[in-house]
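Q: Chains as they are written, first to last, in my numbering: chain D, 1 to 163; chain P, 1 to 163; chain H, 1 to 163.
Since copy identity is lost for identical chains, a pair holds within one copy or between any two.
Below, simulated DSS-like cross-link-like pairs (lysine-lysine); rule was C-alpha separation at most 30 Å, straight line:
| no. | residue 1 | residue 2 |
| --- | --- | --- |
| 1 | LYS101 | LYS61 |
| 2 | LYS115 | LYS93 |
| 3 | LYS100 | LYS61 |
| 4 | LYS120 | LYS62 |
None of these hints come from the bench; they were simulated from the model.
Now for the letters of each chain:
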Amino acid sequence: MTMKETTKEKTTIVLFSGDLDKAIAAFIIANGAASYDHEVTIFATFWGLNALRKDTPVPIKKGFLEKMFGWMMPRGADNLPLSKMNFMGMGPKMIKHIMKKHNVVPLPDLIGMAKEQGVKLVACTMSMDLLGIQKEELLDDLEYAGVGAYLGDASEGKVNLFI
Amino acid sequence: MTMKETTKEKTTIVLFSGDLDKAIAAFIIANGAASYDHEVTIFATFWGLNALRKDTPVPIKKGFLEKMFGWMMPRGADNLPLSKMNFMGMGPKMIKHIMKKHNVVPLPDLIGMAKEQGVKLVACTMSMDLLGIQKEELLDDLEYAGVGAYLGDASEGKVNLFI
Amino acid sequence: MTMKETTKEKTTIVLFSGDLDKAIAAFIIANGAASYDHEVTIFATFWGLNALRKDTPVPIKKGFLEKMFGWMMPRGADNLPLSKMNFMGMGPKMIKHIMKKHNVVPLPDLIGMAKEQGVKLVACTMSMDLLGIQKEELLDDLEYAGVGAYLGDASEGKVNLFI
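Isolated chain D, as found in the complex:
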C-alpha cells in the first residue's frame, strides 16, 4: 500500500527592496509561480515592508525616530519610487502610464491577485521593530514571522530569490 504525497513546488521571495520596479518583478514572479500551482511565500523585510503599507496614515503612538522613518518612507504599493530614473517621482508616473497602455496590472492589483491566489505574504517582525512599523499600518491578512519561518519555507523550495 503506497501513499502518494502531493508535494507542491515551493517558491520563496525575500522582498527586501522598496522600489516599485523590484516589487513589480517580485509580484509578477510570485503570481506566475502561484498560477503554476507552486506554494509561494513573499517575506517582506526592511524597505520591502513599504510595499505592504496602507496608503493612508494610521494614528499610532511612536517614538521620535520611528515617526521620522514612518514619515519619510513611502506609504504603500502605489507610492514607491523607481530604483533607476525616478526623477523625483516622474519615473513611476511614466512606468504606470506605460503599464496601463500595455495592460500590465498595477502593483496594488498584483498584490491583490497574489492574496487571491493564496500567496503567503509575511511581514518580517524584526524589520517592523527596526523601522517602527506596526500591524495597523500594514495591509490586512498578512502573516507575521521572523527569519526562522522564512528559512523553514525556503529550505523546502528550489526557487528562492532575494529581491
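Once you have looked at the hints, place chains P and H on chain D.
A: Okay, now just chains P and H, sitting in the frame of chain D:
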C-alpha cells in the same frame, strides 16, 4: 533494463539590474556554471535588458515615452553605469582599466563567451513592452519569453539567483 | 550494511552589496540558517568585500587606482552606508541606534557570531584583484576562493541568495 537519465544541473539568473558591476557578476557566475556543464539561463528583465542592447541606435518607430526611455537608458554592455561610485562615468572607466590590467574579460566578451558556451539568453517580453525595446535593438541570437518560461527553467534548478 | 549519510542542508549567500542594511539581512539569514544546522557559505564579492575589511588602515604598497578605491570605499562592517536614506551617514547612525534599542545585534557582532557558528566566510579573489584589496586588509579567518568554489557549494544547496 534501466536507462540512466543524464540530467544536467540547471542554473538560472534573473538579470534585473542594468549596472555594469552586477552584470559582470551575473555573467561570471553564468560562464562559471556553464564551464561546470550546467544548463544556464539568463533571463534579462527591466534594466537588465540594457546589457543586451546593441550599442548603436536602431531606427524604429516608437511612441514618445518609449523613445524617451530608449534615449535615456544605456545602450549595451559597454555603456552601463556602476551601481556604486559611478562618478558620472569615471567609475566604469576605472573598473574597465583595472579589469584589463588583471586580465578579466570585459562584459561584452563575457556575453560573447556565454553565447559560445550555450548559455540561454532570454529577453523578458513584458519588460520589452514596458521599456519600449524592440528585437531589432537587442543582440542577435536571444530568445524571447515571459515569466512562465523562466519559472519552468528555475523550478528544475537549484542555483536560482536574482541579480 | 548501509551507511547513512548525514547530509546537512547547504545555504549560500553571495554578498555583492556593501550596504549596511543588505549586509545585516545577509548575516541574519546566515546566522539563522547556521542555527538550524545548515552548512552556510557567504561569498563576499565586489562591494560586499567592504563588510569584511578591517576598520583600520593597513599600510600596503598599491597602485594609484587601487589606492583610490581603497580610500573611497567604506572600511569594514561598522562603516557601511545604507542603501536608502543614508543622509550623509545619519541613516546608519539612526538604524544602529534603533537596533540597539530593540536588542538587535550590530553587524560586527553578527559577523562574529557567524564565524563562531562555523559560517564559511569567503572573499572572492577576483574582486580583491579588481578593487585592489589585499588579505592583510580583511578580517582574519576568511577563506579565499573564486566563482568555481562558490558554484560547488551552491549546487549542493537549495537556498542560494544573491544579496
